[in-house]
Amino acid sequence: MEKNVILSARDIVVNFKVRSRVLTAIRNVSLDLIEGETLAIVGESGSGKTVLTKTFTAMLEENGNVSQGKIFFEGRDLLTIKSNREWESIRGAKIATVFQDPMTSLNPIRTIGSQITEVIIKHQKKTKAEAKLMAIDLMDKVGIPHASTRFDEYPFQYSGGMRQRIVIAIALACHPKILICDEPTTALDVTIQAQIIQLIRQLQKEFGFTTVYITHDLGVVAAVADKVAVMYAGQIVEYGTVEDIYFNSKHPYTWALLSSLPQLGVKGELLFSIPGTPPSLYNKIKGDAFAPRNPYAMKIDFEEEPPFFQVSETHFAKTWLLDPRAPKTEMPEFIQNLHEKIEKKVSFEGKLNAK
Amino acid sequence: MPNKVLLSLRNVQVTFDVGRKKKFVAVEDVNFDIYEGETFALVGESGSGKTTIGRAIVRINETSKGEIYYDGKLINGRLNKAADSEVVRNIQMIFQDPAASLNERATVDYIVSEGLINFKLYKNQEDRRDKVRKALANVGLLEEHMTRYPHEFSGGQRQRIGIARALIMEPKLIVADEPISALDVSIRAQVLNLLKELQNSNKLTYLFIAHDLSVVRFISDRIAVIHLGRIVELCETEELFKNPLHPYTKSLLSAIPMPDPIYEKTKVPLFYDGSQHDYSVDKPSFVEISKEHYVWGNAKEIEQYKKQITE
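Protein sequence lines correspond, in order, to chains A and B. All residue numbers for the first sequence refer to the numbering used here, where the first residue is 1 and numbers rise by one. All residue numbers for the second sequence refer to the numbering used here, where the first residue is 1 and numbers rise by one.
This is chain B alone, in the form it adopts within the complex (with noise of 0.2 Å):
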């Protein structure tokens, strides 16, 4: 397991604007680290807050509580020019429709050349296409491909075009929302296993948001399930299967479709209700409850908790 925390995020808040006097808050209390190398997932349901957590990362949405390191260092808030292209080349997203977040009227070779151009990171034309090119080559795309259309590709090469474009930059860690549930089954797999080879040969570490733990198990380290803008658990990927504690994990377990007519057809889904909890006078905490699995819960359902990891 390696240790060096490449990415931190300590009490993170996001909120939105409703109307000219309301905010919304849509993601609370958010802390979690990543550690280099590894892939940290994020689960959650629409609305869960976890693509605006991402966001926040890639300095799209801004914080409006807490602060966010990258190696050390301050990313969130205000920062100077340098400082933030340094942030955008380091930390880059792909996206979950590859239809739309490709300029459908740029040809290939600029869509993933955009990152280079914006930031001049090359010395002259020969060298950028050199670039595109292996870029494309590491995603299994040809260089043919480059001066096609976005909407002359399938979805599973758009989003191949929408990883090669982030890997041009040659980040250190990719925010990878919701990457292959817009794609068909087959290509879904193509394309994890494109991410993991990545992964391994580019020494990449990977935030992957998803709402499907099926797949979070398969590609990660470690897994935060995040719901209505708040981890409620957190620990490793293994762990979260073996011992799931808090109860919108458990729902969100059983509501995993398995492959097997015998287990589907017995299974009963949990449904998670927020107003089990009763935080009127006992509060809730985020509390390690085990090493490295934590969960959020008041003082008796931490007992609870307790007492169903030793049974």
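Pulled out of the complex, with its shape left as it was, chain A reads as follows (with noise of 0.2 Å):
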């Protein structure tokens, strides 16, 4: 299958202006985004997974700003568009966000079918009533019962996990090329969660969107990912498809994450911990970011920037462990056979469907 880069992103940088400081979100990003596929974006708070996609559709907060860098789509580069109205023809449009929090994204004091509407009607000129239809078609393509009698209820009448469903449909309007997924699950129940990754998986197969799935939640992204994204202090860290990064991980920083899931501990022993906190970026950064908390670190980790080094076709790492000259590491015997131990976790499975 011929794979077509949709989006890609080549060095980004980002300042954010905090009264009279500068603060560098992202520091150096590429990233390309492959037609079809979904790639997830893993990290800590305050890594810039959130920042880095917002500037694909122009939603950085006025302080901030792209400050080098260029993100071809459909042939142009997004980054010269200048005029907010040039802007609202991809934003929504083409490239539409479902946010973390359904609350706050939908508005209270309007029923949730004039929200679907008002969107089909500003990008796709259709009149009232042809937006209605494809609305009330939408809400059940999303899993809304009853749709036609609960588009003209409000907000407060739908359960978290039902608003979300809406803020997808909304997204959805207008056949968005891209969705990106800024945590829609991370404010939900499990049971519900399990439920919306089925729903955007299911939806991506009918309308054939690229998803980019924002996450800080490993066990999430096993889930919904063809590509991972491994962010550390404004920077990818590690890239490759979903079982590199779970089956053959090579940089000590998802190791870290990895080991750190609750899904993994044993009883009467303790989780393994990250020690210390993520570097402020306010300051320049020297050498590896992550050195002070990798107890893998060596000398050049506190002097020189790490390169990607490439581990494969699709795989890629930035850390010194994978020069030649450094020491052979492996990953830590306790996320080693990621799937074995996973399945004598999951030894409940056969039990499940059992009447």
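Among these hints, one or two may not hold up.
Heads up, simulated SDA-like pairs for lysine to any residue below, C-alpha to C-alpha not over 20 Å straight-line [said to hold, decoys possible]:
(1) Lys267/B to Asp32/A
(2) Lys141/A to Tyr158/A
(3) Lys250/B to Lys141/A
(4) Lys21/B to Asn11/B
(5) Lys306/B to Phe348/A
(6) Lys120/B to Asp97/B
(7) Lys267/B to Lys3/A
(8) Lys265/B to Pro145/A
(9) Lys267/B to Arg10/A
(10) Lys250/B to Lys3/A
(11) Lys265/B to Gly268/A
(12) Lys242/B to Gly268/A
(13) Lys267/B to Gln198/A
(14) Lys3/A to Glu44/A
Listing some non-contacts, in silico: residues in chain A with all C-beta distances to chain B over 10 Å [what the hints assert, rightly or not]:
(15) Glu35
(16) Asn63
(17) Arg76
(18) Ala147
(19) Gln195
(20) Gln198
(21) Asp217
(22) Gly219
(23) Ala225
(24) Tyr282
(25) Ile285
(26) Leu321
(27) Thr329
(28) Glu343
(29) Lys345
(30) Lys351
In short, the hints are calculated from the structure, not lab data. Just so we're clear, the structure is a prediction, and the values are computed from it rather than from any experiment. Think of the CB as a built atom: it goes at the ideal place given N, C-alpha and C, for glycine as much as any other residue.
Put the two chains together into one complex, using the hints given.
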């Protein structure tokens, strides 16, 4: 299958002015989105995952700006767009976003129906009646029962999971090419989370959009992603297929993230936790940003920023451990053979369907 | 396994008024014992009533039926002032959102010592500051943090302040209401470890409230699964993962996100629908189906569950 790059970000640097200081939130990031795939971006809060994707739709806060880089989409560099009007033909229409909290992204004093039709009327030049039919059809597709009667209800009459379905319906109203899901299930219960993940997967098959899925939960990533980008302190530190990341990760930060998952925890033992805190992005970072928290750090990690080393055709990691001169280092035993370990943990699986 | 029952709930019901006449039953018929030194988890989705139970235990929500006993003494309903403060001192709560549960206009020193001040639990100012220092050190914070305000801390540190505030009262039982749900993955591990260490060093008993079975499996000795205000299954942790019986428990298990793409991409999440139970004639009850394993069901269902467990 031919793999088309639908969006390509090159050497992105994002700065924020905070009072009189400058915070560099994104430090030279390049990233390709492959058409029809799901890319998951993982990292701690403050690692820049949301900021990076906001540059795709010019939704950075006012004090932020992209000071360097290019974002190619449909044959042009999005960062050359100056007017908001021009952005409106992209944002929402071609690149849509689903945010974390479905309560704050819906208007509480307008009906669900009017919030969906608004988008359709604005971007697709339909009449009110046509838009209503399309909206009900969309509500149906995202799994709202009795869509035509619930069309006139308000957000407070919907549960959290149902609201998030509506936000997804609004995002899909214009058949976007790219759907950015920014922690869409973090505020929801695990059972509802499982449903929303399934819904997004099923809609992706039907509509054929490309998904960027932002999350800090490596359990969720395993369920949604084709490709994974691990971010730390404003940079991508490891990139690969979902199998590369879970079964053959190379960056100590990815190891640390995997090791700290309570799903893998052993009763009676302490969980692995990453010592220290991420570096302040107000200061220029010397060497590898993760070095002070990295038990595998070498002298060079504190002096020089590592380049991206290619592990395989699909897999890249930004760590000096991959330099041929570095001592050979295996991933911690704790996260080796992850699949076999999880299989033991889910021994309840066979019982689930027992009647 | 410790055997002394520290907290005991019997047929507890909590209702909320809806308008003037109607009542909404938030939790009903809640029965469980918590043994001294154990971690007992209450797991369910939002709206299941798990937090309501926690709040009823610390006397924030009034109960409308049933009894709650702490160390053999009745602690719900009207209590005299001495008994009330005894409960408050012995049972402390840690809240979910470390940003919302701390007074943002107060210094850490004041936040942590508020309980001491309310109950006059210190000899003099020096003694009070000493206790605060010790409580902060216990959760890995420094003396210099005493003069700062909550907004100057990260989420994980704020949750530590919340824990220090509970610890300073030297409680026996801590009700931890989703203490890590609002935290980042890497911070979660730190806070979970801290709770475990404190349990060992201070001989604490926990009621751990959560919606995510994966965290609960790691930290708790026994689990009660609650759905729409009713406990549907209760047993030891590994037993629940080995022999889940109630269909709601199964749906929770199937929803755990596992860090394994092979498993995740083939699994089919189960959805629980309460209408699958027919309780019109055959009425359900809470039955001990095997040793220490309780499940809510009617005669016909219990029969099926028994078969499943022996398979």
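How the hints compare with the structure:
Restraint check for Lys267/B and Asp32/A: the C-alpha separation of about 29 Å exceeds 20 Å, so the hint is violated. Taking the CA atoms of Lys141/A and Tyr158/A, the gap is near 16 Å; set against the 20 Å cutoff, the hint holds. Restraint check: the Cα-Cα separation between Lys250/B and Lys141/A comes to about 27 Å, which exceeds 20 Å; the hinted pair is violated. At most 20 Å may separate the alpha-carbon atoms for a hinted pair to count; Lys21/B and Asn11/B exceed this at roughly 23 Å.
With a C-alpha separation of about 16 Å, the suggested pair Lys306/B and Phe348/A falls inside the 20 Å cut-off, and the hint holds. Between Lys120/B and Asp97/B the CA atoms are separated by roughly 28 Å; this puts the pair beyond 20 Å, and the hint is violated. A hinted pair counts as satisfied when its Cα atoms are at most 20 Å apart, and Lys267/B with Lys3/A does not qualify at roughly 27 Å. A C-alpha spacing of about 26 Å is found between Lys265/B and Pro145/A, which places the hinted pair above 20 Å, so the restraint is violated.
Among the hinted pairs, Lys267/B with Arg10/A is inconsistent with the structure: their alpha-carbon atoms are about 36 Å apart, more than 20 Å. With a C-alpha separation of about 39 Å, the suggested pairing of Lys250/B with Lys3/A is violated against the 20 Å cut-off. Restraint check for Lys265/B and Gly268/A: not satisfied, since their Cα atoms lie roughly 30 Å apart, outside the 20 Å limit. Restraint check for Lys242/B and Gly268/A: the C-alpha separation of about 18 Å stays at or below 20 Å, so the hint holds.
Pair hint Lys267/B plus Gln198/A holds up; C-alpha atoms about 11 Å apart against a cutoff of 20 Å. Taken as a hint, the Lys3/A and Glu44/A pair is broken in the structure, with Cα atoms around 30 Å apart against an allowance of 20 Å. At roughly 20 Å, the least C-beta separation between Glu35/A and chain B is larger than 10 Å, which holds for a residue marked as non-interface. The claim that Asn63/A lies off the interface holds: its Cβ sits roughly 19 Å from the closest Cβ of chain B, which is beyond the 10 Å cut-off.
Every CB of chain B is more than 10 Å from the CB of Arg76/A (nearest about 35 Å), matching its label as outside the interface. Every beta carbon of chain B lies more than 10 Å from that of Ala147/A, the smallest distance being close to 19 Å; the non-interface claim holds. Gln195/A, annotated as away from the interface, has a beta carbon of chain B within 10 Å; the closest lies near 7 Å. Here Gln198/A does not stay apart from chain B, with its beta-carbon only about 7 Å from theirs, under the 10 Å limit.
Non-interface call for Asp217/A relative to chain B: violated, since the shortest CB-CB distance, roughly 6 Å, does not exceed 10 Å. A beta-carbon of chain B comes within 10 Å of the beta-carbon of Gly219/A; the shortest separation is about 3 Å. Not every Cβ of chain B is farther than 10 Å from the Cβ of Ala225/A; the closest lies at roughly 8 Å, contradicting the non-interface assignment. With a closest Cβ-Cβ approach of about 15 Å to chain B, Tyr282/A is found to remain outside the 10 Å limit, as its non-interface label requires.
Every Cβ of chain B is farther than 10 Å from the Cβ of Ile285/A; the closest lies at roughly 18 Å, confirming the non-interface assignment. Listed as a non-interface residue, Leu321/A keeps its Cβ farther than 10 Å from every Cβ of chain B; the least gap is roughly 20 Å. A cut-off of 10 Å between C-beta atoms confirms that Thr329/A is not in contact with chain B; the least separation is 21 Å. Residue placement check: Glu343/A does not keep its beta carbon more than 10 Å from all beta carbons of chain B (closest about 7 Å).
The claim that Lys345/A lies off the interface is violated: its Cβ sits roughly 7 Å from the closest Cβ of chain B, which falls inside the 10 Å cut-off. At roughly 6 Å, the least C-beta separation between Lys351/A and chain B is not larger than 10 Å, which violates its mark as non-interface.
The earlier numbered hints that this structure contradicts are 1, 3, 4, 6, 7, 8, 9, 10, 11, 14, 19, 20, 21, 22, 23, 28, 29, 30.
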